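Start from chain A and add chain B according to the hints.
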Amino acid sequence: MSQEDAFYGKGSYGASSGNSNIPPQGFQPVYPVAGQLDNTAPYVGAVAEGTAEGIVSNGEYAVGAMGAAPTNIIGSVDQQPPVSHTSHKSRRQYPAEVFELTNTLAASPAPPSLSEPSYVMARTPSSSPYPHDRAEVGTKSLSAQFGGMSLGADGAAAMPTNELVSVDLYNQTPEISDLTSPPPPINLPLSYSATGAATSNCPPKYVRSTINCVPTTNSLLKKSKIPFALVIRPYTSLVEEDDPVPVVTDTIISRCRRCRMYINPFSIFIDNGHRYRCNSCGIVNEVPQSYDWDSFRNVQRDRWQRPELNYAVVDFIAPQEYMVRAPQPLVYVFLIDISFVSISSGMVGTASRAILESLDRIPNKEGRAKVAFIGVDSALHFFSVSPGAEEATQLVVSDLEEPFLPRNQDLLLNLRECRQGIENLLERFQSMFATTRDSSNALGPGLKAAHRLIENIGGKICCLISSLPNVGVGKLELREDPKLLGTNRESSLLHPNDSFYKSFAVECSTSQVSVDMFLFSSQYQDVATLSCLPRYTSGKTQFYHRWNASRSEDALKFASELTNYLSMEIELEAVMRVRGSNGLRMSSFYGNFFNRSSDLCAFPSFPRDQSYVVEVVIEDTITKPFVSFQTAMLHTTCNGERRIRVLTISLPTTNSMTDLYASADQVAIAQYLTVRASEKALSSTLNEARDSIISKLVEILEVYKKNLAGQNTGAAIPLQISTNLRLLPLLCLALTKHTGFRRSSHISSDLRSIALCYLSTLPTPLLMRYIYPTLYSLHDMPIEAGTVTEQGVVLPSALNLTSALLQSFGLYLVDTHIHQFLYIGKDAVPQLLIDAFGVNSLADLKAGRFTMPVIDNPLNVRINAILGKLRSLDKGSTIMPSLYLVRGDGDPQLRSWFFSHFVEDRSENSPSYLQFLQTLKEKVRD
Amino acid sequence: MMSFGSFVYIACLLLNGANMLLQIFCVIMFSDLEMDYINPIDLCNKLNDLVMPEIISHTLVTLLLLLGKKWLLFLANLPLLVFHANQVIHKTHILDATEIFRQLGRHKRDNFIKVTFYLIMFFTLLYCMVMSLIQEE
Chain A
123 MSQEDAFYGK GSYGASSGNS NIPPQGFQPV YPVAGQLDNT APYVGAVAEG TAEGIVSNGE
183 YAVGAMGAAP TNIIGSVDQQ PPVSHTSHKS RRQYPAEVFE LTNTLAASPA PPSLSEPSYV
243 MARTPSSSPY PHDRAEVGTK SLSAQFGGMS LGADGAAAMP TNELVSVDLY NQTPEISDLT
303 SPPPPINLPL SYSATGAATS NCPPKYVRST INCVPTTNSL LKKSKIPFAL VIRPYTSLVE
363 EDDPVPVVTD TIISRCRRCR MYINPFSIFI DNGHRYRCNS CGIVNEVPQS YDWDSFRNVQ
423 RDRWQRPELN YAVVDFIAPQ EYMVRAPQPL VYVFLIDISF VSISSGMVGT ASRAILESLD
483 RIPNKEGRAK VAFIGVDSAL HFFSVSPGAE EATQLVVSDL EEPFLPRNQD LLLNLRECRQ
543 GIENLLERFQ SMFATTRDSS NALGPGLKAA HRLIENIGGK ICCLISSLPN VGVGKLELRE
603 DPKLLGTNRE SSLLHPNDSF YKSFAVECST SQVSVDMFLF SSQYQDVATL SCLPRYTSGK
663 TQFYHRWNAS RSEDALKFAS ELTNYLSMEI ELEAVMRVRG SNGLRMSSFY GNFFNRSSDL
723 CAFPSFPRDQ SYVVEVVIED TITKPFVSFQ TAMLHTTCNG ERRIRVLTIS LPTTNSMTDL
783 YASADQVAIA QYLTVRASEK ALSSTLNEAR DSIISKLVEI LEVYKKNLAG QNTGAAIPLQ
843 ISTNLRLLPL LCLALTKHTG FRRSSHISSD LRSIALCYLS TLPTPLLMRY IYPTLYSLHD
903 MPIEAGTVTE QGVVLPSALN LTSALLQSFG LYLVDTHIHQ FLYIGKDAVP QLLIDAFGVN
963 SLADLKAGRF TMPVIDNPLN VRINAILGKL RSLDKGSTIM PSLYLVRGDG DPQLRSWFFS
1023 HFVEDRSENS PSYLQFLQTL KEKVRD
Chain B
3 MMSFGSFVYI ACLLLNGANM LLQIFCVIMF SDLEMDYINP IDLCNKLNDL VMPEIISHTL
63 VTLLLLLGKK WLLFLANLPL LVFHANQVIH KTHILDATEI FRQLGRHKRD NFIKVTFYLI
123 MFFTLLYCMV MSLIQEE
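Sequence order for the protein chains is A and B.
Just so you know, the first sequence maps onto residues 123 to 1048 in this note's numbering.
Just so you know, the second sequence maps onto residues 3 to 139 in this note's numbering.
Calculated directly from the structure, the hints in this document are not laboratory data.
Computed from a prediction, not measured in an experiment: that's the story for all the values here.
Beta carbons are placed, not taken as given, at the ideal position from N, Cα and C, and that holds for glycine.
Heads up, some of the hints might be wrong.
[As the list claims (entries may be wrong)] Here are the simulated distance ranges between beta carbons:
{"hint": "1", "chain 1": "A", "residue 1": "Ser561", "chain 2": "B", "residue 2": "Asp34", "range": "44 to 52 Å"}
{"hint": "2", "chain 1": "B", "residue 1": "Leu16", "chain 2": "A", "residue 2": "Thr609", "range": "45 to 53 Å"}
{"hint": "3", "chain 1": "A", "residue 1": "Asp742", "chain 2": "B", "residue 2": "Ser33", "range": "15 to 23 Å"}
[Claimed, not checked] Partner residues aside, some chain B positions facing chain A, computed with beta carbon under 7 Å:
{"hint": "4", "residue": "Asp38"}
{"hint": "5", "residue": "Tyr39"}
{"hint": "6", "residue": "Asn41"}
{"hint": "7", "residue": "Ile43"}
{"hint": "8", "residue": "His95"}
{"hint": "9", "residue": "Ala99"}
[To be verified] Far from chain B, by Cβ distances over 12 Å, these chain A residues were calculated:
{"hint": "10", "residue": "Arg379"}
{"hint": "11", "residue": "Val518"}
{"hint": "12", "residue": "Pro528"}
{"hint": "13", "residue": "Asn530"}
{"hint": "14", "residue": "Ser553"}
{"hint": "15", "residue": "Val593"}
{"hint": "16", "residue": "Ser621"}
{"hint": "17", "residue": "Phe711"}
{"hint": "18", "residue": "Asn761"}
{"hint": "19", "residue": "Glu801"}
{"hint": "20", "residue": "Asn809"}
{"hint": "21", "residue": "Pro952"}
{"hint": "22", "residue": "Lys968"}
{"hint": "23", "residue": "Thr973"}
One chain only, chain A, in its complex shape:
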């Protein structure tokens, strides 16, 4: 029998037993016909029956799944014709206008793009309206569009709506596939857009709204208790070419003269297309003169082909007016801790090697990128290389009170011109300090010196620190007190301890310098204070707990994360502003940046691996059928081009609570609650953070029960919520059990702080994984899982996080995006161990940090493929998950860490999912 057959034969290892009986010693896998094994249902059923709660039954699962996607009653987005030929469509829609436009242009030399008026006329009845003048033209057109649907005076009434389907939370297992499914559709007829392109509205991967239907009044929003916020992620990949966005190259930028909104697919052209009505404030603006003229080829161009009228996400190349100064080059200053701890842990060696290997990946098309290196111990060590020189000169400054630059030039090294010198320096970097006994770390003075070095250019300071700063300004003390952990006073450990880091952050922000922290700890590192600097300068904090280069996994993780970080195409000197239609105001902003004015977020450099949350308030009653939000981000690309990325999302309005609830996005709401709670944890207490999550959830459930839940009869009062919000209770529970918020006396303040950093910045899909980790069962995954198809590697379906699903003979994978755990049950059969790891017994497997071996076996290959796929699931992440092996019979500490991710289970002092629902029910009843 071939190896493959043998493998298929074992389709599910030990599964035939169905319960947790220990397989006999000489367990021989049965080899049935491969075809039979496709049907894994009986096995799943067996698992379900085995669960303690007894609520997981296959039938109910199916019922839950039926109501999974909220259905559109009519005219949903996808029922619109496809959009590849937008010009075509636009002409169909604008017959009269186009005809007139052609006539007026007839005198001009060449109107080639508009040469088909007769065809256009023929195709459309003359009554067909100009789509946006709907308000003026009357409601006739709309009713035509919706085919006989009744239309009130209020335009909003005509919108197709999402259907509200209630579910009883008690009666079903949480449908975790909802975590990755798209939000309720935005039911905005595409005919509202100028071109009717399907890309007119912003896809959820860029901007997600907590409600895809905006209430017309603030009182309705307040009454509904649903938070109103936008989750914005301007970039979805680390390098532009992985996820390109259409670019408007002709520097003609048309903006509303009152509200400054950029022209977008929802702008309403009137007056023969000479003017347009801003979809945000309603004022009429002139269309720029050469809007229909292609200045590169000197020909008339088709307006309806312009990217900004077809795509909701576009990059404008900015003209001169948008530049304060010439585009700055990309600058990295590496501030490396060279104290004894740092050298002996191998951090300096690993870092210098990783930087050396990444030199080619630093974006440097123009050859302008610059780097500098500063070593920090009880003095500051500068390195100077003159262009073309092979060797670097070390210059030591020991004045920490007023750190000065030892030279005026050659400290900031042009990456191309000084390449040889830089390479030599990095190769010798560790050996230069190998014999050091210095245990001081003058981070503060080092930061000041680095800032002085680049304050006129701006750039990034990348700090690699592995000891607590203990000399000069910004020195920190060991304030961790294990007695405080788990008490109410624990929060004081999460607040910054030194005001230097905040005031320095403001200084950096004004001079366009952003600071990133890579922290390596052998002991307390005060992440809470040090992470302040990245928080306000749009940087990032990475924390490597108990890191040591002698573990190859540790070294590899750091090296690959540093490489990802350096190869990221960051944007420089960025500012972001979110504008909303009349009556809407952006009230608070969450994320890593500095608020330069009430609604302007400043980013000295814009990382591509973070997302931002903006809270919206409704100030005036909205009378329009839809509203728009526009995120505009002015930045300099690392190739020295000034650009504006504009993301426009338009949402229909409603005055019914039902619509509001039917189009609420549970994932976006969860993200909003997360960032708000993180903010609370950092500014006040963890208790308050947890309470803010739970009280919001209770409010939502209360409102739903009072206003929307179906009339229920009988003694048992179910806990109801709409289908699209059914995961919210689980996500809230998972949040309160998360490392960042859990009440526990075993989480050091460093780990908590870094968890809060991740919680407040991770992009949505990764954040969901971080809050509710994904559990895969590897020993009985379907045959196609782990194999490569056109869509890439197939992942097995995720399981609910309850340890009742774990078989003692199984092999499981839990992925939190930051960590991955391979769990091998204590009764695993030898064949499984051989196939997966190439070892004969459990005792041969070392629990803890783990590298998946690569052996020539289909199961091993598939597991490696799955691990690889999970590492690269999101193109916009710099994090490389660290893999741990957990043995069912192994280290109790590791096991309890592993099982703390099983959020549906009861733990220490937090309830299981069912108990949680019970308490919710009690709270809602009151």
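Below, chain B without anything else, positioned relative to chain A:
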């Protein structure tokens, strides 16, 4: 010659008046910030220089009232003194540019209460001063 009592009133009146003007200035600055006429960094630099003088002068007023045995007025000033002391102990008296927009609501409320307090205090002190001067005549 003016009695000590009158001197206390006059000194307190002047200091209190200065504090009142200062708080009104803060109100204007905060509304400027809301309207984006000033950026948070400039605002904090300007206002933070004025925080300590205000606290010191108010403490001085309270002390003078205590020395002058004006018990009622002293008690009226005591809550604000405690509030200031609490701020200084927790280091929250300095405005933080990074958090200013999140705390704006609270700052404005505090400001408003202070202005009202100083205003009432101003007229009370004015009345007391006049009365005390008349009595001396």
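Numbers of the earlier hints that this structure fails to satisfy, in rising order: 5, 8, 16, 17, 19
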